[in-house]
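2 protein chains.
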Amino acid sequence: MIITETIEQTREIVAQARREGKKIGCVPTMGALHEGHVALIRRCCGECDFSVVTIFVNPTQFGPAEDLECYPRTFESDCEACRKEGVDLIFAPSVTQMYPQQNLTWVNVDKLGEHLCGASRPMFFRGVCTVVAKLFNIVGPEVAYFGQKDAQQLAIIKRMVADLNIPVEIRPCPTVREADGLAMSSRNRYLNPEQRRQALCLFEALNRGVQLVISGQRDSAAIIAAMQEVIKRWPLARIDYISIVDSELLQPVAHLDRPCLIALAVHIGSARLIDNILVDPPGGKK
Amino acid sequence: MIITETIEQTREIVAQARREGKKIGCVPTMGALHEGHVALIRRCCGECDFSVVTIFVNPTQFGPAEDLECYPRTFESDCEACRKEGVDLIFAPSVTQMYPQQNLTWVNVDKLGEHLCGASRPMFFRGVCTVVAKLFNIVGPEVAYFGQKDAQQLAIIKRMVADLNIPVEIRPCPTVREADGLAMSSRNRYLNPEQRRQALCLFEALNRGVQLVISGQRDSAAIIAAMQEVIKRWPLARIDYISIVDSELLQPVAHLDRPCLIALAVHIGSARLIDNILVDPPGGKK
Chain D
1 MIITETIEQT REIVAQARRE GKKIGCVPTM GALHEGHVAL IRRCCGECDF
51 SVVTIFVNPT QFGPAEDLEC YPRTFESDCE ACRKEGVDLI FAPSVTQMYP
101 QQNLTWVNVD KLGEHLCGAS RPMFFRGVCT VVAKLFNIVG PEVAYFGQKD
151 AQQLAIIKRM VADLNIPVEI RPCPTVREAD GLAMSSRNRY LNPEQRRQAL
201 CLFEALNRGV QLVISGQRDS AAIIAAMQEV IKRWPLARID YISIVDSELL
251 QPVAHLDRPC LIALAVHIGS ARLIDNILVD PPGGKK
Chain V
1 MIITETIEQT REIVAQARRE GKKIGCVPTM GALHEGHVAL IRRCCGECDF
51 SVVTIFVNPT QFGPAEDLEC YPRTFESDCE ACRKEGVDLI FAPSVTQMYP
101 QQNLTWVNVD KLGEHLCGAS RPMFFRGVCT VVAKLFNIVG PEVAYFGQKD
151 AQQLAIIKRM VADLNIPVEI RPCPTVREAD GLAMSSRNRY LNPEQRRQAL
201 CLFEALNRGV QLVISGQRDS AAIIAAMQEV IKRWPLARID YISIVDSELL
251 QPVAHLDRPC LIALAVHIGS ARLIDNILVD PPGGKK
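Protein chains in written order, with our numbering: chain D, 1 to 286; chain V, 1 to 286.
Looking at chain D on its own, in the form it has when it is part of the complex:
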């Protein structure tokens, strides 16, 4: 496994693999790798001939009041996890390498970022799209892997790739959960044991929502109200949002008559956790 820090060296090594006819796969990450990342990496290594993991805590996707400074950095164990899965190349650039001068160019996807996390993190997806476009331009992968856990990010990146004709195939991977149902997240590290226990409220609320849909409930407001009730039972949880949106343009729906995303964000201690589930109610319009 090779570890590169410069764009130039990364390009050279990947170009060599490409000349050898290898299929290049990429898993963009911010490090602090957990089982969710490992699932993406494992799939990449299984499906591609040359697997690149990028590790870069991207400052342009953090708001001024967010956790850029204290975001977990676990480079040594990240490398170990990648090595174990058979990754060929880790690209771990510095901030100066990625942003050598003031960044003036932004890739923005309208509409899909209006709700959910985009509402409370207004610059977030602009930063994500811009850095993912940069990483794709540096690595030039044929396929790239993203987790369904970050559902809005996934939808926005898919749209960016389609709209800009970026020659990359985006492969979504299911959310990986702890044994009790908590979605894996680098930010789970922020939780103390009691917060960790109460973090289960996200999964519990989602399950409540899904049960209601299964039992025939199609009214978004009723489902959201029931999910709010679940969260309120946990004293350490503070809701950022609970939303039901269509799965394509991520616009709020009043009735679940098409494939929808039930999504929520909840603050627990200093951690802001997100989770979601796709529901495709029978009898709905496709």
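Note that these hints are calculated values from the structure, not bench results.
Predicted model only: the values in this text are computed from it and were never measured.
All C-beta atoms in this analysis are idealised placements derived from N, C-alpha and C, irrespective of residue type, glycine included.
Please note that a few of the clues may not be correct.
Claimed, not checked - Facing chain V, according to a computed beta carbon distance under 8 Å, are these residues of chain D, among others:
id : residue
1  : Ile7
2  : Glu20
3  : Arg159
Stated by the list, open to error - Below, computed lysine-lysine pairings styled on DSSO-like, alpha-carbon distance capped at 27 Å:
id : chain 1 : residue 1 : chain 2 : residue 2
4  : V       : Lys149    : D       : Lys111
5  : V       : Lys158    : V       : Lys111
6  : V       : Lys232    : V       : Lys149
7  : D       : Lys158    : V       : Lys84
8  : V       : Lys23     : V       : Lys111
9  : D       : Lys232    : D       : Lys158
10 : V       : Lys23     : D       : Lys22
11 : V       : Lys84     : V       : Lys111
12 : D       : Lys23     : V       : Lys22
13 : D       : Lys22     : V       : Lys22
14 : V       : Lys158    : V       : Lys22
15 : D       : Lys149    : D       : Lys111
16 : D       : Lys23     : D       : Lys149
17 : V       : Lys23     : V       : Lys158
18 : V       : Lys111    : D       : Lys23
19 : D       : Lys111    : D       : Lys22
20 : D       : Lys149    : D       : Lys84
Unchecked claim - Some chain V residues near chain D, calculated using beta-carbon distances under 10 Å:
id : residue
21 : Phe136
22 : Pro167
23 : Ile170
Put chain V on the given structure of chain D with help from the hints.
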């Protein structure tokens, strides 16, 4: 010479050339090719092994009151000109091919679009950057050629390519002029003989500005005032802007103490014409 209309076919043909180790060059155009385009194309064909000219009148860079509908379309003679220069591939997609669904993703370069043409055409450079990013993603050229005539466009595309790490080298080419000095432009076709005669005011004003710089004048306001005087002598000319900006971030400068762009846009009849010249006054800071 091959002519393609679909993205898929274009990608296949270029991929084949790439596999053969050929250096891919690209000249993005909106067609209505004139000697300025031919100079770009000739250089592309001379420096690359496989030359692609794209012909696409991009609707997203036209404002609602602008000349999208009547923009000159001369496909047959464009093809003839390309064939003569030895172009390998013309990619001439339809609007539906380039924008199969509502485009939600925009590439925007901050700051460099604030002044000059960006002031009177607020959506213009967003549309240009987005379509150029798309064309680069479709064609995947190693080098691309742009004219210095569209100086702001050139500066913005260079910045986009740098900021987004797009693996393309941008090669600027000098403005090509008619015998009397009028910069070649597809929009010169809009001019009747009297308008054509008066269109020379742009070149005349630029020359006046350059003379002043050569004679030691460093005050932007004085140079702009003198250039305005020149334009005012031509009754059919209406000034959009005359500006002096630094050549990197295209911000107005009060004093010419670094490399600067003297640029202007003038309406003559239904045509809006632009021209510019780079000046690098001796003794200025670099």
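Open item on the list: Next pair to validate is Lys111 of chain V with Lys23 of chain D; report whether the Cα-Cα distance is within 27 Å.
Closed with: violated, 39 Å
Open item on the list: Need the status of pair Lys232 of chain D, Lys158 of chain D: alpha-carbon distance at most 27 Å?
Closed with: Distance ~34 Å between Lys232 of chain D and Lys158 of chain D Cα, so the pair is violated.
Open item on the list: Less than 8 Å between beta-carbons is the criterion; does Arg159 of chain D satisfy it with respect to chain V?
Closed with: Hint holds; Arg159 of chain D Cβ to chain V Cβ min 6 Å, cut 8 Å.
Open item on the list: For Lys158 of chain D and Lys84 of chain V, compute the direct alpha-carbon distance and say whether it is at most 27 Å.
Closed with: violated, 41 Å
Open item on the list: Would the hint on Phe136 of chain V be counted as holding, given a Cβ-Cβ threshold of 10 Å to chain D?
Closed with: holds, 9 Å
Task: Satisfaction of hint between Lys158 of chain V and Lys23 of chain V, Cα-Cα up to 27 Å - done: holds, 20 Å
Open item on the list: Check the hint pairing Lys23 of chain D with Lys149 of chain D against an upper bound of 27 Å on the C-alpha distance.
Closed with: Within the cut-off at roughly 26 Å; holds.
TODO: Sort out whether Lys22 of chain D lies within 27 Å of Lys23 of chain V, counting only the CA atoms.
DONE: holds, 20 Å
Open item on the list: Next pair to validate is Lys149 of chain V with Lys111 of chain D; report whether the Cα-Cα distance is within 27 Å.
Closed with: Between Lys149 of chain V and Lys111 of chain D the Cα gap is close to 35 Å, so the pair fails against 27 Å, i.e. violated.
Task: Pair hint outcome, Lys111 of chain D versus Lys22 of chain D [Cα-Cα no greater than 27 Å] - done: violated, 37 Å
Open item on the list: Interface hint check: Pro167 of chain V, Cβ to nearest Cβ on chain D, cutoff 10 Å. Holds or violated?
Closed with: This interface hint holds because 6 Å falls under the 10 Å limit.
TODO: Starting from Lys22 of chain D, check that the Cα of Lys22 of chain V is at most 27 Å away, please.
DONE: holds, 19 Å
Going down the numbered hints, you'll see the structure goes against 2, 4, 7, 8, 9, 11, 18, 19 and 23, while the others check out.
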